[in-house]
Every structure is written in C-alpha cells, then in structure tokens.
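*Asks:* Taken in sequence, the protein lines are chains B and G. One point on numbering: in the working numbering, the residue at position 103 of the first sequence is 242, and numbering is uninterrupted. One point on numbering: in the working numbering, the residue at position 136 of the second sequence is 142, and numbering is uninterrupted.
The hints are simulated quantities; they were obtained by calculation from the structure and are not laboratory data. Heads up, some of the hints might be wrong.
[What the hints assert, rightly or not] Not the full set, but computed from the structure, chain G residues with beta-carbon under 7 Å of chain B:
id: 1; residue: L29
id: 2; residue: V30
id: 3; residue: A38
id: 4; residue: I71
id: 5; residue: P72
id: 6; residue: V75
id: 7; residue: P78
id: 8; residue: C79
id: 9; residue: A85
id: 10; residue: V91
id: 11; residue: L120
id: 12; residue: F201
id: 13; residue: Y203
id: 14; residue: A204
id: 15; residue: H211
[Said to hold, decoys possible] Dumping the calculated DSS-like pairs for lysine-lysine here, alpha-carbon to alpha-carbon at most 25 Å:
id: 16; chain 1: G; residue 1: K178; chain 2: G; residue 2: K10
id: 17; chain 1: G; residue 1: K11; chain 2: G; residue 2: K22
id: 18; chain 1: G; residue 1: K11; chain 2: G; residue 2: K178
id: 19; chain 1: B; residue 1: K294; chain 2: B; residue 2: K171
id: 20; chain 1: B; residue 1: K231; chain 2: G; residue 2: K74
id: 21; chain 1: G; residue 1: K74; chain 2: B; residue 2: K238
id: 22; chain 1: G; residue 1: K74; chain 2: G; residue 2: K129
id: 23; chain 1: B; residue 1: K230; chain 2: G; residue 2: K74
id: 24; chain 1: G; residue 1: K22; chain 2: G; residue 2: K10
[What the hints assert, rightly or not] Here are some of the chain B residues that sit facing chain G, going by a computed Cβ distance under 10 Å:
id: 25; residue: I143
id: 26; residue: A158
id: 27; residue: F166
id: 28; residue: T184
id: 29; residue: V212
id: 30; residue: A220
id: 31; residue: L224
id: 32; residue: V225
id: 33; residue: M227
id: 34; residue: C251
id: 35; residue: Y265
id: 36; residue: T266
id: 37; residue: F305
id: 38; residue: R306
id: 39; residue: G307
id: 40; residue: F322
Beta carbons are placed, not taken as given, at the ideal position from N, Cα and C, and that holds for glycine.
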Amino acid sequence: MKMIIIIISMVLVNNYPLAQFLGICPFLGVSKDLDSSVGMGIAVTFVMVLATAVTWPIQQLLNRFGIGYLQTVVFILVIAALVQLVEMFMKKSMPALYKALGIFLPLITTNCAVLGVCITNIDSNYTYAESLVDALGAGIGFLFAMVIMAGVRSKLADQSRIPESFRGVPIILITAAILSLSFMGFNGMFS
Amino acid sequence: MEEKKRISILTNGIIKENPVLVLVIGTCPTLATSGSVETGLGMGLAATAVLICSNIVISALHNIIPDKVRIPCFITVIAGFVTIVQMLLQAFVPSLYSALGLYLPLIVVNCIILGRAEMFASKNGVVDSALDGIGMGIGFTLTLVIMGTLREVLGNGVWLAGDWFGLAKGFKGIPIFSRFIPGMSIMTMVPGGFFVYAIVMAAVHYLTKDKSKIRNDFGCDGCANIGACTDGDCAAQKQ
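Chain B extracted, bound-state conformation (with noise of 0.2 Å):
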C-alpha cells in the first residue's frame, strides 16, 4: 500500500517539473514535439532508477566510515560515470535503443532531477525497495508532465497571436504555470 501511495504522490502531487521546480531545463527545453519529449523521459527514468539503485548504497557505506559529507561530489561523478556506462553499452549491444534515447543521455548528467532523487531518497530515509518505487514515480511523472507539455506546444506552433514580446520562451514558461496550477489541484490528497 505504501509503495502505491509513494508512486501516486510522485506522478502527479510532486511531480517533479511541475511541483518542485526540478528538471526545467530539459522540461521547456526538449518538449517540442511528442518523440523527442516520450524519448526524453523515457531515458530520464531509466537513468534515475538506476542511479537510486546505484548511490542508495553507497550512501550507507559512507555513512558506515563517517564520511557523510562526500555525498554531493561522490554522487554526481556516480551519475556522470553511470550515464557514461550506459551510454557506451547502449551503444554496443542495443544500437536501435541506443539511436531512439541514446541522443538524450548527454543531457541527463547535469540533470538536476537525478540528482534531487537521489539525495532526496536519502533525505526522506526511505528504504532500498522505497527509494526504487519514488525514483521511478518521480521519472513517470517527469515522462507525464514532458507529454502533456509537448501537447500543449504543438498548438503553440502559430506564434502570430502572441504579443511579440513573450513570443519564444515567456510564452511557454506561461504555459508551464498553467499546467502547474492545474497540478495543485492534486495538492493534499495523501494528508
């Protein structure tokens, strides 16, 4: 029940983009079109489960030697490295998963949703199996807010009834306050 609970609240009470202010960057930057955006969080949450799988113990080791405080630069050279990984693996073994995601994967590195999950599992003590299940709700949710975004935009494409001076990014940071106040609806429905 737990496990339900985490997930719901991740996709659509803290959706990461929407909710938290994390993940803006590629959120207004590759929600374009529908491909691009599905490819985008598809790797996303690829990317986030693995590194939760991947940093979750190595936080309790270095909790173990009493080195806590190297968790920010131990996990983003974890995540650089991980993302490095599977990017060459991708690249042998899976060429036509590598061709539809593989593009995307420079751009995760610096990513700060990956990075907030994975400090944020730690923060909120959720155990190993916890901390999967929020990653991969928080990376749903991301792929979610991606989708209804490129949605939106599609509809954008005809700037000329725009007022010239929020043409371009101020109409679509517009549009993403919209979308986030539709999401506080969702706001206190596990209290």
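Model the placement of chain G on the given structure of chain B, informed by the hints.
*Replies:* Below, chain G without anything else, positioned relative to chain B:
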C-alpha cells in the same frame, strides 16, 4: 584597451549575457528559490561564491586537465566547492541552510556554473575568469532579487521579510500592499514562479533594443554540455 576589455567582461554577465534572462540557463534554482528576497539573495550569493572559485581553479588548471576527461574534472572541482559552501552555511547560517534545502547541493548541476567553466574559464586566464564569475554571479543574484521582490510583494504584500541570515530575527518586512488588499499567495507558490519569470523575461524582451539577440527557443548555445556533444549528437540540436 586591456582595462576596457576587462570591464566589458565584468558587465557582460549583468545585462548583455544575463544567464537567467538572456541565456536561459539555471532555471531550476531561479524558480525554486525566488519565493522571497531572502532565499533568492542567499541562493544567488552561494552560487556566486561557487562560480568565482570554480572559475579561478578551472582556468588555472585548464592546461593540465586532459581534454577528454575535462567535464568530469570540472564537475569534481565544482562539487568540491559546493560541499565547502554547504558545510559553511550549515555551521554559520543554519536558517538559510534549511531554507535552501535540496537546492544547495543541486548548485553542482546548475548549468550556469558548468556552462561558464566550459565556455569561458577553460579558454581564458585566471583574472578574466574571476571577473566573468563575478559578473555572471551578480547577474544571477540580481535577477533572483528582482523576481523575489515581485513574488514577495504580490504574494505577501510585504517586502524583505525574513530572518536575514540571523541578523534581524523575525523581521516582518516593509508593508507595500498588505494594508489595502490581502496577498495573492499563489505568487509565492509554484505557478507564481513560472508567471513572474515569464513576465520578467517578456519585459526584458520589450526593453531590449537589439531584437536579434533575443533567444526564441532553447538551443545548444545555452546548454552546459555544448562542448561535450560530439558532432550533432545532442538532442536539442537535432530538433
């Protein structure tokens, strides 16, 4: 001539290449910590400190670091400074430490810092890189303070409320609207961040004389990984 160039490096980051409003990088911390002037200023100063230090170290080391592993090296340097700032804040300004929370360690992945390391510090000398760090840091902090002001005044009706890093405990803020109308608390929440960011950016577009400099979309030139992307392998470039 030299003097003039240095001054232009310093002022570039504040107006012409403002990281948040013109280059559109570092959006996550901007939106997340601009809820009030106090947290915005705190975040801006913390990021500026990391930016200046990492710019200096990276520009001093850029001849030693092999080109192939430069991104991991840069990240390690940045993460080291972030840890230092984190520990200093935890020890001396615990209220700010808890207010910034998760976004403090996330300075590591702030595109502004890695982006400046890649685009400026790895190509220029120590003094120029330090000046670039100061300029970019001021630009970032200034934007955060402006957005924080708008969100706080519209959301709570008061300006500059907060503990001010322990200097003025329980300061209620200067009343602006709070006597006449209740605050629109949505402005201090998540949607307000997007709204205010959009409006500030639109205002900058309106005031900018040279419209050709305006970025109409997100592309590779603002991305921190611009150097890491090999021959058009980047998702943003592909679009």
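*Asks:* Hey, does the I71(G) contact hint survive, CB to chain B under 7 Å?
*Replies:* This interface hint is violated because 15 Å lies over the 7 Å limit.
*Asks:* Does P78(G) pass the interface hint, meaning its C-beta sits closer than 7 Å to a C-beta of chain B?
*Replies:* holds, 6 Å
*Asks:* If you take the shortest Cβ to Cβ gap from Y265(B) to chain G, is it below 10 Å?
*Replies:* Constraint on Y265(B) not satisfied, violated at 15 Å.
*Asks:* Need the status of pair K74(G), K238(B): alpha-carbon distance at most 25 Å?
*Replies:* holds, 23 Å
*Asks:* Interface hint check: F166(B), Cβ to nearest Cβ on chain G, cutoff 10 Å. Holds or violated?
*Replies:* holds, 9 Å
*Asks:* Take the shortest C-beta to C-beta distance between H211(G) and chain B; is it under 7 Å?
*Replies:* This hint holds: H211(G) lies near chain B, its Cβ roughly 4 Å from the closest one there, short of 7 Å.
*Asks:* Hold the hint about F201(G) up to the distance rule: shortest CB distance to chain B must be less than 7 Å.
*Replies:* holds, 5 Å
*Asks:* May I ask you to test the interface hint for V225(B) with respect to chain G, counting a Cβ-Cβ separation under 10 Å as satisfied?
*Replies:* Not OK, violated: V225(B) not within 10 Å of chain G, min 15 Å.
*Asks:* Verify the interface restraint on T184(B): the C-beta must sit less than 10 Å from at least one C-beta of chain G.
*Replies:* The hint is violated - T184(B) has no Cβ within 10 Å of chain G, the shortest such distance being about 16 Å.
*Asks:* Do the numbers back the hint for P72(G), that is, is its least Cβ distance to chain B under 7 Å?
*Replies:* violated, 15 Å
*Asks:* If you take the shortest Cβ to Cβ gap from F322(B) to chain G, is it below 10 Å?
*Replies:* holds, 8 Å
*Asks:* Report holds or violated for the interface hint on T266(B), using the least CB-CB distance to chain G and a cut-off of 10 Å.
*Replies:* violated, 20 Å
Violation of the numbered hints given earlier is confined to hints 1, 4, 5, 6, 8, 10, 16, 18, 25, 28, 31, 32, 33, 35 and 36; the remaining hints are satisfied by the structure.
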